[in-house]
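A.B. asks: Chain by chain, the residues run as shown.
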Amino acid sequence: MKQISIKTKVIALAVIAIVVIAGVTMMGRPPALKVATTSSLYDTGLWEYLEPKFEDKYGTKLHIFYAGTGIALEYGKRGDVDAVVIHDKPREEQFVAEGYGVERVPFAYNYFLIVGPSGDRAGIKGLCAEDAFSKLMETGSGDFVCRGDDSGTHAKEKAIWQAAGFGYEAVQQAGAWYIETGRTMGPTLLMANEKNAYTLTDNGTFLAYRSDLDLVPIVETGAVLLNVYSVIAINPERHPETNVEMANDLVYFLISPEIQGLIGNYGVAEYGVPLFMPCAGQEPEE
Amino acid sequence: MRPSSPLIEVARLSHSYGDKEILKGLDLGIARGEVFALIGPTGAGKTTLLRIMDLLEIPSSGEIYFDGQRVPRSGKQRLAIRRRMSFIHQKPQVFNASVYDNVACGLNWRGEARNKIVAKVDCILETVGLEGYKNRNARTLSGGEAQRVALARSLVLQPEVLLLDEPTANLDPVSATKIEELLSTAARQRNTTMIMATHDMSQGQQLADRIGVLLDGRLVQTGNAGDIFRSPQSTEVAHFVGVENIIGGIVIANDEGVATISVGDDHHGIGIQAVSGCPAGQQVYACIRPEDVTLTPMLYQSSARNSFQARVTRVTYLGPLSRVEMDCGFRLIGLVTRISAEELNLQAGHELYATFKATAVHLMERKSRQ
Amino acid sequence: MELIVSFDPEVMEITARTLRIAGTSCLLASLISLPLGSLVHFRRFRGKRVLVNIIQTLFSVPTVVIGLLVFVLLSRTGPLGDLDILFTPAAMVIGQMILITPILLGLTISALSGVGKEVVETATSLGASGFQLALLSLKEARYAVVAALILGFGRAISELGIAMMVGGNIRGFTRVMTTAISLATTKGELELALALGMLLLLLALVINIALNRLQQR
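Chains as they are written, first to last, in my numbering: chain L, 1 to 286; chain X, 1 to 370; chain R, 1 to 217.
Once the Cα atoms are required to be at most 25 angstroms apart in a straight line, the calculated SDA-like pairs of lysine to any residue come out as:
hint, chain 1, residue 1, chain 2, residue 2
1, X, 76, R, 138
2, R, 139, X, 139
3, L, 195, L, 179
4, L, 195, R, 185
5, X, 134, R, 119
6, R, 139, X, 114
7, X, 367, X, 242
8, X, 134, R, 116
9, R, 117, X, 42
10, R, 117, X, 14
Keep in mind that the hints were calculated from the coordinates and are not lab data.
Note that this is a predicted model, so its numbers are computed, not measured.
Between the sequences and the hints, there should be enough to build the whole structure, so can you do that?
C.D. replies: Laid out in structure tokens, this is it:
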């Protein structure tokens, strides 16, 4: 038989409220370095591999959240993160030039790939990336799935269309063969697979998805496909609250010989080939 | 009209729902310890009056006084006053909780100490005969049991005023009797003031010290049971309290308190005698309760002054009683037991004698409005 | 696959965090909604119907819009940037509270509307104050109230937009089941994603059963 007085109930409610508020307070942030990173880099598992190493070495938590290059840069501009790690050189340079970032430090690179059905319906194998795109555009004989999300990969795709001599708007309106998904790399690859279409992908995500895909690399060399990952610490003059020292620690960590070695070997065990080439703060040779 | 300042009083009370006027200027005072029955047909405004007295509703106009104090139209004081009363609604609404929790809730809300609550609830459950039902969910009870829970829930508060809206209307006769007994015990033992709305005349008669007749939003007559049932002050009241014979006529003579009234279409030939001070020349209604009419096969000489030869026009059976419509030059209705009806071989067309005493005739002035 | 899901410490940790965050938001939202809903239901005031309509419209706000809103509020350059709680569980709790408070509020009001007028009047007659009346009505409507809580909790554990936008899906800190599922999907670990999805449903089932037990007492 419940015979609880109202007073008891009020007290019980107050206790619950206090516990909850205490709980929420504890959900606040421990000191940590906040880094926004491009999803293609995260999806390869590289960050999960490096994160504990950084935390051990510097005795600080590393909070990494993945986002498209666009939103990662936005976080950086607002001062919500201490550093960004992305792969879109023109926008990175603009970001630094506008005073949001301290310096652009390249630390690894690989190549984008044009992947497609093994039958290569459009017959673009052996061409360079620009010519392959030209052929797709002129013949319309192969479907192409595009990220369409302003990510670094999407920016690269636009740059290739540009290099091939087409305005991007003309490409978007070229016909039903050009499909924009607005999704991240993984789902885009799956869609290309379903549609037997071509797409531009970073090496890491493609390898991670390869077992689920019938797609094969069609074009994988050429200077234009170069994909450089850089780390940029947020400018403390813009956002004094950000933790520039820890951000600098991260920069030095990434270009340190020990970590560079680890990056250069990352993925060998699983895929037989490295996913990244280290470049220790230098712009890789094209 | 304030005899020894009543416990609860309404003055010039009117209330409307939209365009519909429910109460039309009521004045009523009820003394501490009084049991007051409010009778009247459905829709007369009984429930509305009780709701206003329980401060559940704010009247369109008029005032309520409780224990000599004017009740404000809003504010905390209303809750304090309401907590001195308790209202048992017509359909018992038990809460979806155990019988114990149902009965304890009012005490809980008044902040009573827990051990006192337990004792009081146990005691009242025993009084209403539900001691074994403590842990049952009240929603699983029968109508009569639920009504007893509702009663216990109100009585346990030992209210100064108990308001009851048709407390037995939805119950079988056995349960109804049980509830009536509980109520009269409560009234006697605790001197609880009770105001009960009912359309059950006998209930009003049995339990009440005083009866008020509410007709169409007006309190048309108040008085003790004898006054109301024997001496209604208007034809409407007379009709409502079961006076079936209301015979229009004129007093043609008054001889030392015995009036002779000429009735019938031609106003002569038939005379009814009544004990009344009504002077000659007065237009009146003669009211005779049907159960005061006796029927005999032959004319007996008796103290009753009114005896008429009558022809039965119609007989209807009302349970143990038979209602006999007769023509004695005027229309007269009598009520006899089923057995008498059989002995008299009552049927339409049969001739017999109808007799009633002069004291059984109540004269009511007829306003000359025709 | 099921074994991996069942015993992997990281999955367990993500599950615990998911429950903690959604539970906290649900609790806080009900601490706001139950009293406020009672107030709205029992008070008579102008524009009540409009208010209820607005509350019900807010049922449909997409989580990603709330995520964006909370992000802009809590971002360093936003009005509440000084709190420094963006990308923390606290920020997720705030977002989820904004998501489910209208639902709990609206459903509390409709639950109370289901309590008979006669019950309310009986309680008033028995001397219940406004607060006591509200408490009793909530008790009378407990089935509907618990259903509302279940719905609110379900919405909180299943939403992705807020968790992603203001939590940031930080491993070991703000990663919850939905963001983990989303991540597993982008990484191409479709089986893991599906397994996590099933685990989420299983949790919802367990909690529904627990709450239903509670209300049947």
